[in-house]
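All chains should be modelled from the sequences, with the hints used to inform the complete structure.
Residue numbers (this note's numbering), protein chains in the order written: chain A, 1 to 555; chain B, 1 to 321.
In short, the hints are calculated from the structure, not lab data. Among these hints, one or two may not hold up.
These stretches of chain A come out as covered by chain B in the derived footprint (C-beta under 8 angstroms, 3 or more residues) [unchecked claim]:
(1) 18–26
(2) 378–388
(3) 410–421
(4) 444–454
(5) 517–528
Some chain A residues near chain B, calculated using beta-carbon distances under 8 angstroms [what the hints assert, rightly or not]:
(6) Lys228
(7) Ala397
(8) Val462
(9) Asp495
(10) Thr499
(11) Thr503
(12) Ile506
Don't be surprised by glycine CBs; every beta carbon is placed ideally from N, CA and C.
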Amino acid sequence: MLKIALWKRVTIWALVLTGLLMALPNAFYARVEQHNDAISGIGAAGDGPDRQAALAAWPGWLPSSLVNLGLDLRGGAHLLTEVRVEEVYETRVQAMWPEIRNLLRAERTTIGAIRRQDGPPDELRIRISDPTGMARAVELVRGLAQPVVTLTDVGGSDIVVSGTGDILTVTLSEAERAATDERTVRQSLEIIRRRVDEVGTREPTIQRQGRQRIIVQVPGLGSAAELKALLGTPAKLEFKPVVRRTSDAGAIPGVGNQVLPSVDPREDGTFYIVERAAVVTGEELVDAQPSFDQNGLPAVSFRFNPSGARKFGDYTAENVGSPFAIILDGEVISAPVIQSHIPGGSGIITGSFTVEASTDLAVLLRAGALPAGLDILEERTIGPELGQDSIEAGRIACIIAFAAVLVFMAASYGLFGLFANIALVLNVGLIFGLLSMIGATLTLPGIAGIVLTIGMAVDANVLIFERIREELKTARGPARAIELGYEKALSAILDANITTFITAVILFVMGSGPVRGFSVTLGLGIITSVFTAIYVTRLMIVMWFERKRPRTIEV
Amino acid sequence: MRLKLVPAKTDWDFFSIARLTFGLSAAAMVASAILFLTVGLNYGIDFRGGTTFRTTAEREVVIADYRAAILPLGLGDISITEVFDPTKPDQNVTQIRVEAQEGDEAVTTETSAAVLAALQQVDPGLSFLSVESVGPKVSGELIRAAVVAVMLAIGAVLFYIWLRFEWQFSLGAVAALIHDVAITIGVFSLLGIKFDLAIIAALLTIVGYSLNDTVVVFDRVRENLRKYKKKDLKGVLNLSINETLSRTVMTSVTTLLALISLFILGGDVIRGFVFAMILGVVIGTYSSVFVASAILLRLGVKRDWSKPDANTGNRFAGTDA
Numbered sequence: 001m002l003k004i005a006l007w008k009r010v011t012i013w014a015l016v017l018t019g020l021l022m023a024l025p026n027a028f029y030a031r032v033e034q035h036n037d038a039i040s041g042i043g044a045a046g047d048g049p050d051r052q053a054a055l056a057a058w059p060g061w062l063p064s065s066l067v068n069l070g071l072d073l074r075g076g077a078h079l080l081t082e083v084r085v086e087e088v089y090e091t092r093v094q095a096m097w098p099e100i101r102n103l104l105r106a107e108r109t110t111i112g113a114i115r116r117q118d119g120p121p122d123e124l125r126i127r128i129s130d131p132t133g134m135a136r137a138v139e140l141v142r143g144l145a146q147p148v149v150t151l152t153d154v155g156g157s158d159i160v161v162s163g164t165g166d167i168l169t170v171t172l173s174e175a176e177r178a179a180t181d182e183r184t185v186r187q188s189l190e191i192i193r194r195r196v197d198e199v200g201t202r203e204p205t206i207q208r209q210g211r212q213r214i215i216v217q218v219p220g221l222g223s224a225a226e227l228k229a230l231l232g233t234p235a236k237l238e239f240k241p242v243v244r245r246t247s248d249a250g251a252i253p254g255v256g257n258q259v260l261p262s263v264d265p266r267e268d269g270t271f272y273i274v275e276r277a278a279v280v281t282g283e284e285l286v287d288a289q290p291s292f293d294q295n296g297l298p299a300v301s302f303r304f305n306p307s308g309a310r311k312f313g314d315y316t317a318e319n320v321g322s323p324f325a326i327i328l329d330g331e332v333i334s335a336p337v338i339q340s341h342i343p344g345g346s347g348i349i350t351g352s353f354t355v356e357a358s359t360d361l362a363v364l365l366r367a368g369a370l371p372a373g374l375d376i377l378e379e380r381t382i383g384p385e386l387g388q389d390s391i392e393a394g395r396i397a398c399i400i401a402f403a404a405v406l407v408f409m410a411a412s413y414g415l416f417g418l419f420a421n422i423a424l425v426l427n428v429g430l431i432f433g434l435l436s437m438i439g440a441t442l443t444l445p446g447i448a449g450i451v452l453t454i455g456m457a458v459d460a461n462v463l464i465f466e467r468i469r470e471e472l473k474t475a476r477g478p479a480r481a482i483e484l485g486y487e488k489a490l491s492a493i494l495d496a497n498i499t500t501f502i503t504a505v506i507l508f509v510m511g512s513g514p515v516r517g518f519s520v521t522l523g524l525g526i527i528t529s530v531f532t533a534i535y536v537t538r539l540m541i542v543m544w545f546e547r548k549r550p551r552t553i554e555v
Numbered sequence: 001m002r003l004k005l006v007p008a009k010t011d012w013d014f015f016s017i018a019r020l021t022f023g024l025s026a027a028a029m030v031a032s033a034i035l036f037l038t039v040g041l042n043y044g045i046d047f048r049g050g051t052t053f054r055t056t057a058e059r060e061v062v063i064a065d066y067r068a069a070i071l072p073l074g075l076g077d078i079s080i081t082e083v084f085d086p087t088k089p090d091q092n093v094t095q096i097r098v099e100a101q102e103g104d105e106a107v108t109t110e111t112s113a114a115v116l117a118a119l120q121q122v123d124p125g126l127s128f129l130s131v132e133s134v135g136p137k138v139s140g141e142l143i144r145a146a147v148v149a150v151m152l153a154i155g156a157v158l159f160y161i162w163l164r165f166e167w168q169f170s171l172g173a174v175a176a177l178i179h180d181v182a183i184t185i186g187v188f189s190l191l192g193i194k195f196d197l198a199i200i201a202a203l204l205t206i207v208g209y210s211l212n213d214t215v216v217v218f219d220r221v222r223e224n225l226r227k228y229k230k231k232d233l234k235g236v237l238n239l240s241i242n243e244t245l246s247r248t249v250m251t252s253v254t255t256l257l258a259l260i261s262l263f264i265l266g267g268d269v270i271r272g273f274v275f276a277m278i279l280g281v282v283i284g285t286y287s288s289v290f291v292a293s294a295i296l297l298r299l300g301v302k303r304d305w306s307k308p309d310a311n312t313g314n315r316f317a318g319t320d321a
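Listed below in structure tokens is the structure:
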């Protein structure tokens, strides 16, 4: 009767101690946070007396993982963005034109003259003057197709070529679109990460969600406006030859050219007709820094990698005296006339910048261009004060809830109530231990989940104690009553908690943001409360019983 | 001396007032449905898109002035409410909701700057505590996900109870669930409390909690059905409810103690959420006795569980803990 094997006792206490040890750093939040910062700081930026002091503030042999505080508790900005993946189709299709043109021109004898037609941006339409050669033309262009390579399979062609009448149409295939989407989103993720890192905020969360969405969460950033400015522009830098200037937005650019507006306020209403194909792009930049031009106006200086430098040098050598457009996201920043051959691969972008704008632009250029624009679908900015208030409120509510439940349990069940209370304290410790261990994020609804768990955790113990009371009336002796109480309450405890756990799991899978934070603490709370109720309090009661051997017990 | 909320032994007949409680529950559900259809829920931006600004100011809030300041911006329908927090009386907090703007998904930087500038005309010391904006695209998806989550939760639970008990128990439990969720939604419509994602979480917790309660009663019913083979179902149900009554009340009270402290002290950001849970705990406790068990009584259960091969229902009882 009432026997628990030694190995079980050891295991139970070991689990409890491990959990509490994992929870311990959270009791010294600020200190451990500085300690962790010092470790990463020493790794990244070298040693220093401050860092050593912070490092020493928390012993290295103790666990140091903390519960992350959610944005609603620490303040910060959350953005849900969608990548405009379609934009890349256009670039891809347009880029094929020179190659197709050269290919078809070589076959002029069978297909006649070719001419590009207007069409949707993600489609290339070519008119051939001899429709009888269409079959040949289609065959030729199909020869350019590459197999689509994705993580899951290789196969299928990247382009779809069709010919009706005298029009040849080239578009991207479905498989290629899917593969392009995948690449675009990954690339965007990487660029966003670099940009956010450039401004040096701590612990940003940048995650992909679904097929083409990216969540960016930056704790502590004053406002989402700052973050949006960082992500709002693709920052695609291009250097293109200028064909001519015009003041007519509707000017016909001619095949292979485009009309772009100037953003320089000194040239209001001016448009540039430039060639579509860029000489060099921002992808070949290795550095960009804010600086000043010879007139002392803010500017951005840049440096190309060797291949970019060569292209830039060759072009400037051949085109001395012609204007050269510097284009950012489809707008001409400036179009200086090439004064001389620029061999070194470095240069300066002038325009009507403020100091701030030149600094921002330099950051964006260093991080690289986003492959496509971003739409912001959801934004949540929580001021740090509100977060602090919420933590404070949550903490007070937790303590009061805790105290009320402790007093109530002790008043209702006496000594057994005390056992349940110790288990409840352990329970909350274990929840924090688990949260730290899995690196979960604690949010305000998460705190609500913990408070609810405090209320519900006693349920298992209540079930057992009530059952023991009942068994005391009929069973022979207290030991038997305790044993029967545990045995018979078990199925109710498990059924009741499994059903609640099911809802917690569904919340976790289906929910986002606040709902998820709540489901995590609720689910963990159910696990720890069942564990403490059927193992820990039982062990405590058995240990007490073995010592005292009471003839009668009162529950 | 022990604190006892319920006498050690009770022998109350819970079904003597079945007609009254059934009528009450049915009336409450009908009223909820009517309220939901006529008044409707006060959806937060999570579900209908738009932006909320939470402001704090130095001077006392005059809602009319705030409204007059924002109206010229032409942002369409706006609602301004003062947030009263007893623990922070001098913060002068308001919540301003602006509907989703044509053509934009989330709020633009220009719009929020314009709103801030307009409000600072009224009170120069005003600042935003938080800005939350959800585009129509996302809010549509959130509604769908929320509805699916509630349905899934109810379905999963229906299945689990059917597995562990009998289909009659399952129906009784789910009827109680729908009852609880419907009335909570009715109360939210009536009081016009903001209904957002967090409330969905609260609804699902109510589902979990209500079940928790129902399952404990049912578990005892199952046990007593085996024990008292001669007793009629009504007697068994009454006995089971009486036996578990002390536990039902204890658990409800501890949970309510925790929730009420959160309601009073937890700040207004989660007050709606906590309110939904308090409501759910009260209704859930009521419904496990007066709805779930009452339906079980109407449906009847088969009584030949004591056959040796029929111990499927009590799988866990023999496990060594």
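Cross-check of the supplied hints:
| no. | hint | result |
| --- | --- | --- |
| 1 | 18–26 | violated (count 0) |
| 2 | 378–388 | holds (count 8) |
| 3 | 410–421 | holds (count 4) |
| 4 | 444–454 | holds (count 7) |
| 5 | 517–528 | holds (count 3) |
| 6 | Lys228 | holds (6 angstroms) |
| 7 | Ala397 | holds (4 angstroms) |
| 8 | Val462 | holds (5 angstroms) |
| 9 | Asp495 | holds (5 angstroms) |
| 10 | Thr499 | holds (4 angstroms) |
| 11 | Thr503 | holds (4 angstroms) |
| 12 | Ile506 | holds (5 angstroms) |
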